[in-house]
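Q: These are the residues of each chain, in order.
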Amino acid sequence: MTVGLDLSGSRFRSLRRQGSRLVARACRSVYAVVLDSPARRALFAAQHVPFAEFGSNLILFGDAAEEWSTRLRVSAIPLVVNGRLQLDDAVIRQVITALIEGLLPVPELRETDCCLTLPGGLDQTAPAAVEFVAHVVRNFGYIPRIASGSLAVGLSELSLFGVSGLGIHLGENRCEFSVLRQGLELTRFEIPGGLGPAMSAASAESKAADAETLLREIFATAAFELNRRAEWKALAPPVAVAISGELTAFPGLAERIPISMQHASWPFAVRTIPIATECEWTVCRGCLIQAELEQLAQLSRPAA
Amino acid sequence: MRRQTAAMLGIALGMVAAGATPFASAQGQPARRPQSKILVYQPPTDQPAVVGVMGQVQQPGTYQFASAPTLERVIAAADGFTPTASSMVRLVRNQRVAQRMTLPASAQEKLQPGDLVIVDPQPLRSGAAVPAGDQGVQLAFLGIHDRPLIVRVKSHEAKPQIVVQMLGQPAEVLSSLRGISPPTRELEANPAARNGMPATLADGTVLIFDRQRMLPGELPDNLPKILPCSLPEPDIGAYGIHNALDERPRTEISERDRIPPAEPIPFPTSESSREIAPTPLPQFSDQVPATFSSSERSGAGSAPVSTLPFSGSTTIAARRSRLTESAPPEKSSAADAKEPSWHKVAPPTDDDLLIDDGKPGARRAAAKGAPFSVWQMLAIVSCAGLLVGVGLAVRASQQRERSEKTIDVVPAQSGQAAIFPVRQRIEPKATIPAPHIPLQSFAASAAPPTIAATAAASESLEIRQARFLQLLKNELPMMEEPLALRPGMLFKPASPPKPVRRTDSGAASERQSLIDAPHSRLASGPHLPIGVQAPVERALRQLQGGRS
Chain A
3 MTVGLDLSGS RFRSLRRQGS RLVARACRSV YAVVLDSPAR RALFAAQHVP FAEFGSNLIL
63 FGDAAEEWST RLRVSAIPLV VNGRLQLDDA VIRQVITALI EGLLPVPELR ETDCCLTLPG
123 GLDQTAPAAV EFVAHVVRNF GYIPRIASGS LAVGLSELSL FGVSGLGIHL GENRCEFSVL
183 RQGLELTRFE IPGGLGPAMS AASAESKAAD AETLLREIFA TAAFELNRRA EWKALAPPVA
243 VAISGELTAF PGLAERIPIS MQHASWPFAV RTIPIATECE WTVCRGCLIQ AELEQLAQLS
303 RPAA
Chain B
9 MRRQTAAMLG IALGMVAAGA TPFASAQGQP ARRPQSKILV YQPPTDQPAV VGVMGQVQQP
69 GTYQFASAPT LERVIAAADG FTPTASSMVR LVRNQRVAQR MTLPASAQEK LQPGDLVIVD
129 PQPLRSGAAV PAGDQGVQLA FLGIHDRPLI VRVKSHEAKP QIVVQMLGQP AEVLSSLRGI
189 SPPTRELEAN PAARNGMPAT LADGTVLIFD RQRMLPGELP DNLPKILPCS LPEPDIGAYG
249 IHNALDERPR TEISERDRIP PAEPIPFPTS ESSREIAPTP LPQFSDQVPA TFSSSERSGA
309 GSAPVSTLPF SGSTTIAARR SRLTESAPPE KSSAADAKEP SWHKVAPPTD DDLLIDDGKP
369 GARRAAAKGA PFSVWQMLAI VSCAGLLVGV GLAVRASQQR ERSEKTIDVV PAQSGQAAIF
429 PVRQRIEPKA TIPAPHIPLQ SFAASAAPPT IAATAAASES LEIRQARFLQ LLKNELPMME
489 EPLALRPGML FKPASPPKPV RRTDSGAASE RQSLIDAPHS RLASGPHLPI GVQAPVERAL
549 RQLQGGRS
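These protein sequence lines map, in sequence, to chains A and B.
Each number in this note's numbering corresponds to the 1-based position in the first sequence with 2 added.
Each number in this note's numbering corresponds to the 1-based position in the second sequence with 8 added.
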């Protein structure tokens, strides 16, 4: 039973296959600290709210933290800031550990693969953060495999095109691009500075306009980077492009993405495909596909 | 003074004239005062209604009526009350207790399709006979189908986990399961105990399932069916009620149609009841499939109790004939000395049957066993034949659908799926039971979870590849479940110590560099080892129909 784990967005998600269906778990990547009292303990126990004790405080995390922070008038502290896991504090590390263990099911077999993505991607995430998350996953009984968001997007959305093409993951702080050929990542690069600045605009129209401007710059940079690399020549034109990301669900943004792409000088002809607007589970599903691939490869190998 | 009076009179006359003709048209035509429209909503009474009845009735189950029945009619369809029935009836509507009614005052209360009527038992009095043996627990399920399901399970199996397991549903359904417990002294004294699902389900509990979390394909095939109501439909016109379609005047009631004074429904009381045990539900020993290994076959000795799975449809007439055949011996023999006398099953007599369709002399005729009139017989036969025909047609269509069913696979959320819908035939169910994995995996904070290879985890490679193909094509449905967080977590201010890295004992050597992106080995070449390519190529070949 392989698992896909997505830690890259504002929500932590996990996805696994159970028979002929997919079973998903998700929670907000926030936590809240409230003062400990018998009344609050009783309240949380009555409402079946999970919490952790820490000195004279109670710590809520996940969806409970977001919900109860409003009621108790405390702030919900995000675990991912500027695309990075906040691992400086021991409490936060334990919160992340608890959330990851809550997302992962108990593995049924040894050496089960768990493919995961990190908020900072492969290149921007500090080695200590990578080691920490891998350690948590490994301690739970899985074999951690870290993948990029763009690879997960390509695996998830390019199945009808032979899992070949360009996978793009648009984030708040960075955008990832991967060139895939038959499920294999030929090349990958990131462009710092995602669509986060556009989201701070006042109105929805101005947000979409700012996002289109940013997208034009991002796609132009990506096209320039692709021209510098030769791996794209392995793709047969026209090349399918899969785009996903939490921000693609923003109203008005999905229509502007193809327009922004047309202004860039891509080294290949781009096949226009619909953009996955309901993209909450795209990256997680791609991670699960990657984990399944690894597991199938191990099963297919002859016994040593 | 006179002038003032005349002026007042003129003004009053003018106001009256203005009020009578407020909108006199310019053409001088008389205008009418606008009348407010009164709309009267007449609920459709000619649509069939399915109502469930459970609790202290002779034949609990789900019954179908030609039109919205009354509470009295529903009780009559269930062959009336048991001797231990109380006068309190609860009505569950839209998955909550909508009303609490008292009989016989609310006998004419109109019910709606999908309602569930629960007849509560009388509280046990000191000195009353305590039932011997396992009478079983009566439960009602809501949310599984569009009708209530009334079942009876053994007492030791009346637990939410076991019920969910017998319904073939995953354990995650328990998290969204709600229940309506019967009123007991404990719950009345402590209302807080109503929260949460009890560990053991009491008799008369209603379980409410979340349909979104259910797997309809995993439900057992022999769930209780809808029972037709063999009682003749009341003829509204005979009661002299004005029918807009019929346009019969209300006052014209012939002597033939005049109804006798309504007789009160004989309500069974403890003083007037004989020592008659409740009629048990039919045994289902011959329908127990092999998968329900936890339940014993009912032929083991507990005659009145039947365990899941549930019976097929039986008509009331067949049930009555079975009851008449199983008449208890009049004398208690030595073999029966061990059993209390009340435990013997006696068929209900005609006096206990609530057959009252308002026709004069019909009740007396039923009590004496005299044949019905020709018209009554024709009405009964035609109703029964119609219901049987409808039931057969529905069953045939269901069987036809089951044999040729194709499903529209609902893929996971993705924009691509809307453009490329896929149809596929239902494959035979794989006999892989869902593994029972506890949500709380381990108690110690740093101890790794115990990993045990279960039978369900070892899927064959072919099945796994087929599922992977479905995963690639985004054909697998997705359900969401809550996080499995450990209770009683205690965070420490210091950093947790680094645990020892696990080493796999056996043939495999210690895996190194586990933190790797499998496709990040760009320096070594764009292609990964053959082992990773093979399943991808095979899957892609299947996707593209042989084209690489």
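There may be inaccurate statements among the hints.
Over the 10 Å line for every Cβ pair with chain B, so calculated as not near, a few chain A residues [claimed, not checked]: (1) Leu24; (2) Ala28; (3) Gly64; (4) Gln96; (5) Ser158; (6) Pro194; (7) Arg258; (8) Phe270; (9) Glu294.
Not everything, but these chain B residues come out facing chain A in the computed CB check (under 7 Å) [said to hold, decoys possible]: (10) Leu111; (11) Ala113; (12) Glu117; (13) Phe476; (14) Leu477; (15) Glu483; (16) Met497; (17) Leu498.
Treat the hints as calculated values from the structure; they're not laboratory data.
Where a beta carbon is used, it is the ideal one built from N, C-alpha and C, also for glycine.
Q: Could you work out which earlier hints the structure fails to respect and list their numbers in ascending sequence?
A: 1, 2, 3, 4, 5, 9, 10, 11, 12, 14, 15
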